[in-house]
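Colleague: Between the sequences and the hints, there should be enough to build the whole structure, so can you do that?
Those protein sequences? They're chains R and G, same order as listed. Taking the working numbering, the leading residue of the first sequence gets 1, the next gets one more, and so forth. Taking the working numbering, the leading residue of the second sequence gets 1, the next gets one more, and so forth.
Derived from the structure by calculation, the hints contain no laboratory data. Certain hints may be false.
[To be verified] Short, incomplete list of chain R residues facing chain G, as computed with Cβ under 10 Å:
| no. | residue |
| --- | --- |
| 1 | I151 |
| 2 | F239 |
| 3 | A256 |
| 4 | V274 |
| 5 | L281 |
Glycine included, every Cβ here is placed at the ideal spot set by N, Cα and C.
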Amino acid sequence: MTQIMETETIEIKKANRIISILKFIKNNPTGIIGLLLVVTTIMCAIFAPYIAPYDPGAASLGHRLDLPKWLDDSGKSQYLLGGDQVGRDLLSRIIYGARISLLVGICGVFISLVLGTFLGIVSGYFGKWMDDLIMRLAEVQMGLPFILLAIVIMSVFGTGIEKIIIILGLTYWVSFARLIRGEILALKEQEYIQAAKAIGGTHFKIILKHILPNVASSILVLATMCIAEFILLEASLTFLGLGVEPTVPSWGGMLADSRNYMTSAWWISVFPGVAIMLTVLGFNLLGDWLRDRLDPNMKV
Amino acid sequence: MLSYILRRLSHTVLVIIAVSLIIFFAIRLTGDPVSIMFGAGEPSQQAVEELTAKLGLDKPVWEQYIIFMKDLVTLDFGTSYRSNSPVLGMLLERAWPTIALALGGMAVALLIAVPLGILSAIYKGKSIDVFSRIFSLLGISFPNFWLAFMLILIFAVQLKWLPVSGFDGFSSLILPSIALGLILSGILVRLIRTSMLEVLKMQYVTTARAKGIREWLVIIRHAFRNALLPTVTFVGLQFGGLLGGAVIVEQVFSWPGIGRLIVDSINQRDYPVVQGGVILLALIMILVNLIVDLCYSLINPKIRTGRGDN
Chain R
1 MTQIMETETI
11 EIKKANRIIS
21 ILKFIKNNPT
31 GIIGLLLVVT
41 TIMCAIFAPY
51 IAPYDPGAAS
61 LGHRLDLPKW
71 LDDSGKSQYL
81 LGGDQVGRDL
91 LSRIIYGARI
101 SLLVGICGVF
111 ISLVLGTFLG
121 IVSGYFGKWM
131 DDLIMRLAEV
141 QMGLPFILLA
151 IVIMSVFGTG
161 IEKIIIILGL
171 TYWVSFARLI
181 RGEILALKEQ
191 EYIQAAKAIG
201 GTHFKIILKH
211 ILPNVASSIL
221 VLATMCIAEF
231 ILLEASLTFL
241 GLGVEPTVPS
251 WGGMLADSRN
261 YMTSAWWISV
271 FPGVAIMLTV
281 LGFNLLGDWL
291 RDRLDPNMKV
Chain G
1 MLSYILRRLS
11 HTVLVIIAVS
21 LIIFFAIRLT
31 GDPVSIMFGA
41 GEPSQQAVEE
51 LTAKLGLDKP
61 VWEQYIIFMK
71 DLVTLDFGTS
81 YRSNSPVLGM
91 LLERAWPTIA
101 LALGGMAVAL
111 LIAVPLGILS
121 AIYKGKSIDV
131 FSRIFSLLGI
141 SFPNFWLAFM
151 LILIFAVQLK
161 WLPVSGFDGF
171 SSLILPSIAL
181 GLILSGILVR
191 LIRTSMLEVL
201 KMQYVTTARA
211 KGIREWLVII
221 RHAFRNALLP
231 TVTFVGLQFG
241 GLLGGAVIVE
251 QVFSWPGIGR
261 LIVDSINQRD
271 YPVVQGGVIL
281 LALIMILVNL
291 IVDLCYSLIN
301 PKIRTGRGDN
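Modeller: Next up, the structure:
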């Protein structure tokens with residue numbers, strides 16, 4: 001008897017858990033869609049060699065500008081999303097392209113996050129001339145149209161993933177620094193920070209234990225949105241021929257190549273763009289949802 | 001007020017000096033214009049030296065910078081290495097298409113964002129609000145050059161309604177403006193919605209309603225006009241982004257604007273044109289922000305004094 005009751009309660013518990021998960025999904029559709037899109041892209045990037053049906057670099061002139069398989073009645077095409085201008089599989093190249101976009105997005109944001117957090121803390125917590133200096137620097141940075149600065153710098157140092165990551169990282173610290181500075185200025189006068197100071201907490205300890213945890217959620221939201229923006233900027237620069245090397249399969253580069261074939265082979269210029277859009281949308285949805293959950297004050 | 005303007009102008013000068021320093025030295029690292037100008041030919045040592053001296057590139061870099069800044073103060077942007085014509089003239093000629101594009105993009109953005117933002121604030125939580133949220137998230141997720149592609153593919157290649165590229169009358173302005181404006185409208189919709197929601201809670205809106213004024217008049221006259229304030233500042237701040245976006249959209253549509261001139265000039269190592277172009281764009285951006293801030297402070301006296309006078 002007790003045996004049966006025990007299994008029953010376990011069953012009910014299981015069912016309850018499933019119901020609560022379903023409820024969560026139903027109540028947070030945008031967050032779930034965003035998460036799914038982001039996870040899919042990350043999976044594509046990590047497992048590209050296993051997922052991609054063909055070698056992304058293998059040109060085959062016989063399959064030049066092949067139609068997508070499902071549109072091709074002659075049965076010649078074997079590529080799901082069609083072939084590009086030198087007969088490579090478009091789908092495989094898009095899957096490999098996820099690597100570049102994510103690498104640039106995540107590494108770039110990491111650099112600007114670390115730099116911005118550091119400068120924001122210095123600026124907001126210590127203030128005085130350092131604050132003035134850092135804020136003037138931020139103003140100069142904001143006065144420059146980013147894309148032009150990037151064009152000039154990329155043409156100085158040449159194309160390359162690492163260069164684009166560094167440029168994005170070094171120019172976008174401003175948003176992080178401003179956010180953190182603002183939050184610190186508001187937090188600094190709070191009683192618990194004053195109390196922590198009064199009982200002899202060091203600057204380092206106060207920042208680490210009392211200030212950073214308070215700004216963490218805002219930083220997370222900004223970072224998620226920033227990844228989306230970096231992916232867009234990398235694609236734009238690569239499209240202009242000033243981003244990632246043309247030999248590497250990247251979404252922006254594929255779109256740049258597609259320009260001359262727009263009228264004859266629309267699929268080359270459509271699918272890589274869809275990949276960019278869905279990935280960026282994923283990060284934006286996720287960021288939007290995180291903001292709603294974590295930070296009701298920041299809700300836009 | 002005067003001290004506020006003066007302080008802002010002094011900031012502007014500092015920013016321009018910083019921008020000019022960065023661009024001046026960065027462009028000089030991209031390569032030697034003289035060797036590019038001789039192209040594939042094999043010039044004599046003497047010819048190279050003569051040309052270098054003629055362009056003023058034989059002097060130390062610092063001296064070149066000082067000369068450049070001295071000329072800049074008198075609005076002399078130098079002469080182009082390639083075409084030998086004054087840079088300022090070249091820039092102004094190319095400025096109009098870019099300004100037309102930026103204004104067109106802004107117009108598209110406002111035409112979409114204002115009604116959609118207002119409606120989604122009034123019908124908060126209803127289907128139009130959900131639609132506007134999806135629209136705005138989609139808007140900020142589109143790469144603008146790809147949007148430009150798709151517009152060309154649909155409206156120029158397939159339907160043949162509008163020209164593929166070029167700068168020829170109003171019809172050629174439509175597609176580039178949409179490509180540029182749609183993305184901005186994504187951000188604007190959310191902003192207008194938020195500020196409308198805040199304003200609609202205000203007592204003067206309730207008062208206006210209590211007086212029996214028709215609802216649409218309350219929305220337009222009493223609410224929207226006040227919700228416009230944060231929108232105006234934001235539009236000013238976004239102007240830089242708009243110019244940056246224009247640089248890319250210009251490439252796709254072969255638009256004869258400043259952005260394309262600068263990109264071409266970087267490739268040809270035409271230093272004076274690049275420097276002049278970037279400085280001019282930075283100047284436009286800063287001036288737009290300054291004008292927006294001034295308008296804002298005229299409307300809202302609270303911020304007129306700035307933090308220094310508090």
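Colleague: Name the hints, by number, that the structure is in violation of.
Modeller: Checked against the structure, no hint fails, so every one of them is satisfied.
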